[in-house]
Amino acid sequence: MNVMKYFTAVAAGVALLIGGAVGASAESTLEIVKKRGHLRCQVGPPSPGFYNLDAEGNWYGSDVDTCRAIAAAIFGDKNAVQFQSVSTQARFTAMANGESDVLSRTTTWTLLRDSQLGLDFTAINFYDGQGFMVPKDSGITSAFDLKGASVCVLTGTTTELNLADFSRNNALDIQPITFEDGNVRNDTYLQGGCDALTNDKSGLASNKAAFPNPADHIILPETISKEPLGPVVRQNDSQWMDIVKWTVFAMVAAEELGLTSANVDEAKANMGNASVNRLLGTEGNLGEGLGLPADWAYQIVKQVGNYDEMYERSMGDGPLGIGIGRAGSQNDLWTRGGLQYSPPFR
Amino acid sequence: MATSDTSLVKSQPKSSVSFFYDERVRNFFYQTITAGTFAWLVWYLFTNTAHNLEVRGMNSGFGFLFQTAGFDTDFKLIEYTVGTGTYGRIFFVGVLNTLFVSSIAIVLSTVIGFFVGVLRLSTNWLISLLALTYVEILRNVPLLIQIIFWYLGVFALLPKVKQSADFLGIAFLNNRGLYVPSPVPGDLFWMTMTAFVVAVVAAFMLRRWARRRQEQTGQQFPAFWAGIGIIVTLTGVVYLATGMPLSWDIAALQGFNYQGGFALPPSFLALLVSLTIYHSAHMAEAVRAGILSVSKGQTEAANAIGLKPGKVMALVIIPQAMLAIVPPMISTWMNVVKNSSLAVAIGYSDVVALFMQTSLNQSGYAIEIVAITMLFYMTISLTISFFMNIYNKRVQLRER
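Protein sequences, first through last, are from chains G and W. End of the first sequence = 345 in numbering that gives the first Met the number 0, gap-free, step of one. End of the second sequence = 399 in numbering that gives the first Met the number 0, gap-free, step of one.
Some clues are possibly wrong.
[Claimed, not checked] Here are the computed distance ranges between Cβ atoms for each label pair:
(1) G:P343 with W:T46: 44 to 52 Å
(2) W:L129 with G:A89: 41 to 49 Å
(3) G:P213 with W:G56: 36 to 44 Å
What the hints contain is simulated information worked out from the structure, not anything from laboratory work. Even glycine gets a Cβ: it sits at the ideal position worked out from N, Cα and C.
My request is simple: use the sequences and hints to build the entire structure.
Here it is, written out as structure tokens:
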């Protein structure tokens with residue numbers, strides 16, 4: 000064999016390898032996103048309430064709105080987002096390897112996920128709990144009636160673990176029927192392949208809204224777990240984590256101050272209240288530490304709205320909502336006895 | 000000028016070939032570089048992966064196999080309790096589930112495949128057309144679609160629990176599964192099992208004796224039926240003598256579901272049926288190819304000495320056709336095991352669904368879990384092909 004050809008081949012192969020490895024340098028996520036010009040937001044398979052597709056193929060929902068708020072803060076344009084719909088199984092891997100910038104899809108904050116998957120949780124934009132849904136004519140009125148029942152559950156979720164705990168703690172001997180695909184799970188439940196469906200209660204409301212006869216199903220009163228849901232980012236990028244976290248807080252703070260997308264222009268022009276001025280960027284520069292323009296929070300409130308507007312659009316009784324009442328629930332503002340609370344903007 | 004010496008000098012090979020032009024040295028040199036590059040590549044991939052996992056704060060290592068897995072599964076062949084079961088145990092539950100459905104599917108698809116393959120070659124036009132339709136439809140529709148069809152289109156539409164189909168009061172079929180009685184062995188059941196094993200060995204030895212006797216004296220002996228008789232008599236006698244130590248646990252409806260008995264979930268049934276008939280089509284084609292590969296002269300010669308068509312097929316054609324049938328049969332068997340991983344689409348708890356999906360998502364040890372799963376499938380496939388290659392070699396040696 001020609002010596003030169005041989006060595007060229009080997010050297011080329013090695014160079015390709017090394018070149019490929021060195022390619023990924025340590026840029027911050029904000030720089031990467033700004034260079035790209037849009038945000039990559041990972042959502043789940045479409046389901047009402049959190050991330051769903053309307054008739055024209057546009058994404059809507061509260062997790063979708065969170066991503067739009069981040070895009071509005073960075074680019075001043077709530078539509079500078081690319082939505083990636085990923086299955087429940089691949090969500091954390093697709094996040095950890097850099098395919099998405101932020102994961103916003105009803106993901107429960109747990110210690111294991113925070114510490115062992117290379118991910119960080121930011122803020123809680125929805126406080127939820129797990130429940131059960133049964134057909135109305137089954138005669139089941141309480142979760143403790145489910146002794147020996149078959150329950151359909153999605154695999155790879157905290158739902159599955161909580162179901163096993165609940166069954167064990169109450170000696171109910173529940174048979175889990177696990178599915179990878181939410182649609183196959185729903186179909187099996189609707190055809191009577193299992194006695195009950197278990198999911199976060201907001202997920203149950205979302206599933207119910209998509210069933211052929213929603214009124215034939217009831218959600219049992221018991222809540223068997225805590226499910227704090229919020230957006231997730233990769234570890235080791237504190238600035239990006241701060242951006243996502245304070246975007247969520249900005250919407251809550253706007254509601255605390257009485258700002259809505261309708262009156263924010265007027266409030267900005269008036270410059271009457273110091274807290275309002277600091278939030279909207281007309282006084283001080285809170286956006287500097289985040290690497291964002293001074294009016295980042297103003298853009299969020301103007302284009303996406305405050306927390307209440309976001310909630311009512313997606314979860315309320317409107318045409319696109321799933322009918323979960325906010326008043327008196329955990330997602331109400333702290334001044335009214337709920338848990339939504341923003342640290343001060345100063 | 001020693002002309003008498005030149006011929007001697009020229010007939011000797013040149014002793015000093017330059018070191019770098021010696022072919023053996025060159026080969027050794029190139030091979031060392033290639034092997035070295037390959038080894039460096041493997042080392043580089045390994046350390047690079049480990050470094051990347053560490054930088055991203057993701058866990059690695061195999062210690063998770065001893066941590067408790069917090070989830071339960073609906074179909075398990077060995078003991079597994081939620082609080083104390085570890086990820087390692089879940090792996091074994093998944094392995095057993097995979098092997099359970101694969102082994103039954105292999106046996107059934109081979110039997111059906113042989114049957115359909117022989118039918119394909121029938122002289123009856125209608126029968127061979129039916130067999131052709133069977134094979135062509137099943138071979139050309141992707142297996143995943145067939146699995147989902149059987150699950151959603153057939154087994155999910157079975158009657159509800161309260162209206163289960165009842166087979167003689169001991170087996171029940173509904174959309175939660177098939178409930179068959181499970182055997183509960185009593186104290187002295189091991190005697191019956193031992194008697195059974197002894198009887199099977201005796202039957203094989205009888206067959207060897209009968210065959211040798213036939214080769215020497217030409218007298219035939221009904222070794223098959225005699226063997227069956229030995230097995231049944233010996234086992235039955237011991238069973239009755241020890242007081243019939245075998246009771247059956249029959250499923251009964253309690254509350255939501257049938258409890259007791261042996262429950263086969265509809266996902267298992269759908270997977271078994273679809274794997275069986277899909278691979279039976281491949282097997283049928285392999286059998287047909289094998290039979291056609293035997294030269295026509297064999298059939299004619301066998302007919303000429305007066306053998307009936309059934310015996311021609313069984314004694315002359317099929318043994319020779321096995322040479323051509325066995326290699327594709329090996330790969331079909333391996334495909335059954337690998338295709339059983341599609342169970343995850345319908346919720347059957349095989350090793351992919353339990354270990355590679357659920358455990359991976361709950362624990363986060365992606366690379367280790369996928370590597371273990373790949374190793375498992377490789378081991379099973381290599382074992383199957385190893386044993387079948389031994390059989391193949393034995394069959395080949397017999398023919399000259």
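Item to check | Broken hints, by number | outcome: none
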